[in-house]
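Top line first, the protein sequences correspond to chains A and B.
Numbered per the numbering used here, the first sequence finishes at 194, counting up by one with no gaps.
Numbered per the numbering used here, the second sequence finishes at 194, counting up by one with no gaps.
No lab work stands behind these hints, which were simulated from the structure alone.
In this text the structure is predicted, and so the values were computed from the model without any measurement.
Possibly wrong hints are sitting among the right ones.
[Unchecked claim] Cβ pair distances, simulated, as ranges: (1) T86(B) - V40(A): 38 to 44 angstroms; (2) G12(B) - E172(A): 35 to 41 angstroms; (3) Q143(B) - A31(A): 46 to 52 angstroms; (4) E177(A) - R124(B): 26 to 32 angstroms; (5) R32(A) - P128(B): 33 to 39 angstroms.
[To be verified] Covered by chain A, according to a simulated footprint, are these stretches of chain B (three or more residues, beta-carbon under 8 angstroms): (6) 145 to 151; (7) 176 to 187.
Here a beta-carbon is modelled for each residue, glycine too, at the ideal position from N, C-alpha and C.
There are 2 protein chains.
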Amino acid sequence: MTDPLRGAGRTEAIMRTTLELGQEIGYARLSIEAIAVRAGAGKHTIYRRWPSKGALFLDSLLSLHQSDLDHPDTGDIVADLRTQIRSAIDLLADPPFGPLYQALVGEAQYDPQVAAALNERFIAPQAELTVARLRKAQDQGQLSPDFDLSLAMAILSGPLYFQFLITQEPLTHEYVDRVLQALFTGMGNPS
Amino acid sequence: MTDPLRGAGRTEAIMRTTLELGQEIGYARLSIEAIAVRAGAGKHTIYRRWPSKGALFLDSLLSLHQSDLDHPDTGDIVADLRTQIRSAIDLLADPPFGPLYQALVGEAQYDPQVAAALNERFIAPQAELTVARLRKAQDQGQLSPDFDLSLAMAILSGPLYFQFLITQEPLTHEYVDRVLQALFTGMGNPS
Chain A
4 MTDPLRGAGR
14 TEAIMRTTLE
24 LGQEIGYARL
34 SIEAIAVRAG
44 AGKHTIYRRW
54 PSKGALFLDS
64 LLSLHQSDLD
74 HPDTGDIVAD
84 LRTQIRSAID
94 LLADPPFGPL
104 YQALVGEAQY
114 DPQVAAALNE
124 RFIAPQAELT
134 VARLRKAQDQ
144 GQLSPDFDLS
154 LAMAILSGPL
164 YFQFLITQEP
174 LTHEYVDRVL
184 QALFTGMGNP
194 S
Chain B
4 MTDPLRGAGR
14 TEAIMRTTLE
24 LGQEIGYARL
34 SIEAIAVRAG
44 AGKHTIYRRW
54 PSKGALFLDS
64 LLSLHQSDLD
74 HPDTGDIVAD
84 LRTQIRSAID
94 LLADPPFGPL
104 YQALVGEAQY
114 DPQVAAALNE
124 RFIAPQAELT
134 VARLRKAQDQ
144 GQLSPDFDLS
154 LAMAILSGPL
164 YFQFLITQEP
174 LTHEYVDRVL
184 QALFTGMGNP
194 S
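Using the sequences and the accompanying hints, generate a full structural model.
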């Protein structure tokens with residue numbers, strides 16, 4: 004068969020097609036076959052690079068906005084976390100990213116391979132960047148010396164995922180600000 | 004058709020069958036039809052009470068362990084939260100509850116009716132109990148007077164859901180204790 008796209012251009016076309024088609028028909032009805040047809044690529048070409056629909060989908064999503072998730076460093080940890088987390092939720096509010104990411108997390112509850120890929124490709128690298136930024140802040144005395152950095156992702160992201168996946172209310176900048184304030188103040192009464 | 008079970012006994016039998024069958028074949032392959040056959044009940048009998056598989060499944064899960072999620076009140080809010088959250092994660096560690104609840108949350112990412120039922124039937128009532136217990140602690144000076152009670156569920160449950168749904172590492176008592184300590188201490192440096 005003919006395969007007019009090669010190398011990086013082909014990879015990009017397949018990922019772009021995956022997102023387009025995902026947006027049109029939803030993640031559940033998406034298939035490697037349909038993506039191959041629409042992208043004008045061979046099914047085996049896709050399977051050589053991605054072992055599953057979940058893996059292709061995850062790569063496609065990550066190709067969109069990775070740089071928006073970088074951690075700024077202005078020297079003010081609260082302001083920097085606010086900026087970074089606001090960017091992250093802006094992604095989720097921006098179709099097609101939000102509903103597609105939600106579908107991917109849904110899939111991760113059934114498919115351990117998708118869950119593992121999500122962690123390896125997205126969550127673990129994000130955790131590394133977050134912990135590095137927080138460690139610097141801790142060294143500068145901007146963070147409680149007792150704060151357990153290995154919990155950083157769970158403590159910071161958990162309240163966002165809870166709203167995104169469980170109550171499914173909209174994530175807003177105001178919510179991010181309130182969560183950060185609550186986390187920095189702490190629940191305990193120092194008096 | 005014959006329907007030997009009536010009233011509460013029939014309802015219980017249907018819910019028990021739902022969990023048994025869910026455990027055997029997984030949530031995805033569960034159907035009202037199969038539950039009706041196994042329970043010896045009419046399909047319409049089931050649909051009269053539960054509009055969807057998700058609604059029936061949620062009721063069945065909740066029928067198991069609701070009382071384990073009560074909030075104790077010994078007067079020590081940290082100890083009481085520790086007890087309550089440890090009980091909650093013990094449920095998740097106890098098959099079939101954990102994988103079935105995980106499947107239900109997965110389904111909630113695709114089906115808004117399941118998401119709404121999850122919130123109305125489980126999350127909102129839990130939030131009410133949690134906030135009531137925390138409000139009492141706040142009145143007694145055991146909680147920061149600045150802590151925003153409307154965020155309580157997100158702040159307390161978020162880190163657990165993050166581990167349960169995203170990193171999918173086991174939830175342990177030790178993890179609960181570390182999360183509570185981090186939340187009560189707070190991320191900010193008071194010095």
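Cross-check of the supplied hints:
1. T86(B) - V40(A): 38 to 44 angstroms: violated, 56 angstroms
2. G12(B) - E172(A): 35 to 41 angstroms: holds, 39 angstroms
3. Q143(B) - A31(A): 46 to 52 angstroms: Given a distance of about 49 angstroms, which is inside 46 to 52 angstroms, the answer is holds.
4. E177(A) - R124(B): 26 to 32 angstroms: holds, 28 angstroms
5. R32(A) - P128(B): 33 to 39 angstroms: Check passed, 34 angstroms falls within 33 to 39 angstroms.
6. 145 to 151: Our answer is that it holds, as 7 residues pass the Cβ test (under 8 angstroms) against chain A, meeting three.
7. 176 to 187: It holds, with 6 qualifying residues against the three required.
Taken one by one, the earlier hints fail for this structure only at number 1.
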